[in-house]
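Residue numbers (the numbering used here), protein chains in the order written: chain A, -11 to 319; chain B, -11 to 319.
Note that these hints are calculated values from the structure, not bench results.
This structure is a prediction, so every number in the text was calculated from the model and none was measured.
Fair warning: there could be bad hints in the mix.
No copy is singled out in the list; a pair is fine if it fits within one copy or between any two copies.
What the hints assert, rightly or not - Calculated cross-link-like contacts (lysine to aspartate or glutamate; reagent style DMTMM-like; alpha-carbon spacing at most 20 angstroms): (1) K289 to E37; (2) K179 to D17; (3) K203 to E80; (4) K173 to E56; (5) K136 to E26; (6) K252 to E237; (7) K203 to E170; (8) K183 to D134; (9) K179 to E56; (10) K203 to E237; (11) K203 to E224; (12) K161 to E187; (13) K203 to D122; (14) K183 to E138; (15) K121 to E228; (16) K(-10) to E138; (17) K136 to E180; (18) K173 to D308.
Number of protein chains: 2
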Amino acid sequence: MKIVVDAMGGDYAPESIVAGVAEAIKEFDVNIVLVGIEDRIRAELKKHEYPGDRIEIAHAPTIVEMHEPATASLRSKKDSSISIGVNLLKEEGYDAFVSAGNTGAVVAASTIYLGMLNGVERPAIGLVIPTLKDFAFLIDVGANTDPKPEHLLQSALMAQVYAKEVLGVNNPKVGLMNIGEEAGKGSVFSKETFKLMEERVVDFNGNVEANDIFKGEHDCIICEGVMGNIVIKISEGLMESAAALLRREISKSPIALAGAFLMKSRLHHIKKLADYTEYGGAPLLGVNGIVMISHGRSSPKAIKNAIRATIREIEHHILDVMTERVARTAI
Amino acid sequence: MKIVVDAMGGDYAPESIVAGVAEAIKEFDVNIVLVGIEDRIRAELKKHEYPGDRIEIAHAPTIVEMHEPATASLRSKKDSSISIGVNLLKEEGYDAFVSAGNTGAVVAASTIYLGMLNGVERPAIGLVIPTLKDFAFLIDVGANTDPKPEHLLQSALMAQVYAKEVLGVNNPKVGLMNIGEEAGKGSVFSKETFKLMEERVVDFNGNVEANDIFKGEHDCIICEGVMGNIVIKISEGLMESAAALLRREISKSPIALAGAFLMKSRLHHIKKLADYTEYGGAPLLGVNGIVMISHGRSSPKAIKNAIRATIREIEHHILDVMTERVARTAI
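Same shape as in the complex, but just chain A (with noise of 0.2 angstroms):
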C-alpha cells in the first residue's frame, strides 16, 4: 500500500506534513510517498526517526498557494505538488493521495486527471463533525456550488458506503440539511431532493434542520455544497467568537479567571471533542481515485489521521463498492 501525501500543502508544511507521515509509518503497515520540493522535504525528514525505506520523495518544484485561484493554478503550476501527487495515483501501485493545501486545487485537479467514478456526476467533500452522541458525517461541505438532485442523491450514497466502511456505521441513516422538517419544506431544489431521496435511498430519514444536526440522530447529513461550507464555518466562526468572549469575560474578573482554572480539564476536552482533526480528514468522493483533503491548519495528528482513514478506505476498497451502489440505485 503506497499513499502520495503533499509534503507542501496547508500553513505548516512541509513541517507539520513530514512530522505527522513519519508518525504514521511508525504507527500504520504503510509506504508513504512525499510530493513536494525535494531538498525542503528531505531538511524536514532529517528531524524525525522512521523506516527509512518506507518513504519515498517525488520532487514537484512549485506549490499551489492557498488562496490561489484553482483551476488558473493548474493551467499555470502543472509541476505543483498537488498536479504530480494526482497524477501518481494514475500509476500503477499508488493508491491514495492526502493533501491539506488549496481545496479548491485538490478537487479541480481530482476531477481532471483522474475523472468521475461510474455513475457519479460531481465531486462532493465529506467531513466528519462531532455530535453529542458520537459523529456525522456531513456532505458536502464545498466541492460543488450548483448541484442538481441528483448529485444530491449520489452523495448520498456514496455518504452511507463511507460512514459504514470507514467509519464503522452499520446501516447509516441520511438526513436532508432542509429548513423544516417536514417533507414539502424548503426550495424548490430541496423539495425535489427529498423526493429522490425517499424514493431511492435506503435508511432514508427525511429532513433534518439546521439546529438539529449535532444531536446525533442522522449518520449522513446530505446538503449541497454552499450550504455545508457554510455550516463549518458558522460552527469554526462561532465556537472562536464564543472563545474570544470567555477570554475577555474572564480577564475581567479575578474569580472568574479561578474558576476557568479549576475547569480547565473539562474544556479542554469538550475542545477536543469539538476538533474535527480527531477524525482524520474530509474525503473527496466522487473521483475516481482515493483522495483525502486534511484542513489547511492541520497539524502532525491530524495528518496521521488523514492517513489512517485513508488506510481503511483502501482496505475496504471503497471505490469499488461506491461505484457498485451507485450503479444499483441509478435514476
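Dock chain B against chain A, hints included.
Relative to chain A, chain B alone:
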C-alpha cells in the same frame, strides 16, 4: 400610536405575551391592541397592573398552531389572531403588528393581506445577531427560499434603512454572505448577486465568509433565506450542544463544578450577549406594513423589546424611507 400584538402566538402564549405588553405599556408611550381569544386575554390581563385605557382587545377565535402549514392555515382559519391582526393594519390608526406565532403564517398573511412595498418583490426577515464588536443585521433568515439576485439587492437596501433608522448605525456597511471572500466566488447565483450589489449598493463591502460574520466588520449581512435560516439554526444548535456538553463535563468533576460556580456571572454575561431577544424581534421587511416577528419562545422581555423596535420603525416612518430608497436604486 397603536400596535397590534398577537396574544396567542408562541410557545408561552398568552401568558408571556400579555406580561410583555403590560411591561411595554408602562415603559413606552404606546397603545396596544391584543388580538386573540378574548376570555383568555382578560384572564391574563388581570394578573398585571397597567394603565387600562391604553390596552384594547380584538377578539379572534382561532389560533394558528406553531407547526401548522402556513398557507393552508390562512385558508382554513381566516379568523385566527394572525389573520385578524394583520388585517387590522389596513384600518386607519393601526400602525404595526407584532407576533411570536407561526413565522410562515405571519409571512403569508402579511404578504397576501398587506401586499408588497412599491419596488420590492419579495419579503425578507431580518435578525439582529450579536458580534464581537456589537451587532449585525442578518437578512433573509427564512422568508424567501428561492430568491433572485434582485430580491437580495432589495433586501440589502431595506436592511440599510433598518440599520440606520432603527438600530442607529450611520452608513451601514453591507456584506454578501458567500463561500469565499474574493469576488467571483460561489454559485452562479452568488456571482450575479455580487455584481448587482457592487453596482447598486452604497457602502457595499463585498463578500463575507460565514465564519467572519461574528467579527462585526459588516453592519448588514445579506444572504438568501435558506442560508440565513441555516446560520441561525446552526448557531442555536451549536450553542445548545455546547451547553449540554459543558454540563455533562462539569458533572464529571467536583473541581470543575466549583470552577463553573466561580465563573457563573461571566458565563451569564456571555449568554446575554448571545441572546437575540435582547435586540427585539425579527422585522419582516418588504411588505406594505410594519410587521415584527418575535421568537416562538419569547419571554415577556423579548416581547417588550420587539415592541420597542416596532415603535422606532413607526417613529422613523420606515416604510416611506424604504420605498424611497428602493425607488432611487431601481434597476
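Evaluation of the provided hints:
no.: 1; hint: K289 to E37; result: within (16 angstroms within a copy, 63 angstroms between copies)
no.: 2; hint: K179 to D17; result: neither (46 angstroms within a copy, 46 angstroms between copies)
no.: 3; hint: K203 to E80; result: neither (43 angstroms within a copy, 48 angstroms between copies)
no.: 4; hint: K173 to E56; result: between (38 angstroms within a copy, 12 angstroms between copies)
no.: 5; hint: K136 to E26; result: neither (42 angstroms within a copy, 50 angstroms between copies)
no.: 6; hint: K252 to E237; result: both (16 angstroms within a copy, 11 angstroms between copies)
no.: 7; hint: K203 to E170; result: within (18 angstroms within a copy, 34 angstroms between copies)
no.: 8; hint: K183 to D134; result: both (19 angstroms within a copy, 18 angstroms between copies)
no.: 9; hint: K179 to E56; result: between (36 angstroms within a copy, 18 angstroms between copies)
no.: 10; hint: K203 to E237; result: between (28 angstroms within a copy, 17 angstroms between copies)
no.: 11; hint: K203 to E224; result: both (18 angstroms within a copy, 12 angstroms between copies)
no.: 12; hint: K161 to E187; result: within (15 angstroms within a copy, 45 angstroms between copies)
no.: 13; hint: K203 to D122; result: within (9 angstroms within a copy, 30 angstroms between copies)
no.: 14; hint: K183 to E138; result: within (11 angstroms within a copy, 29 angstroms between copies)
no.: 15; hint: K121 to E228; result: between (23 angstroms within a copy, 14 angstroms between copies)
no.: 16; hint: K(-10) to E138; result: neither (33 angstroms within a copy, 51 angstroms between copies)
no.: 17; hint: K136 to E180; result: both (9 angstroms within a copy, 19 angstroms between copies)
no.: 18; hint: K173 to D308; result: neither (35 angstroms within a copy, 33 angstroms between copies)
Against the hints set out earlier in the document, violations occur for numbers 2, 3, 5, 16 and 18.
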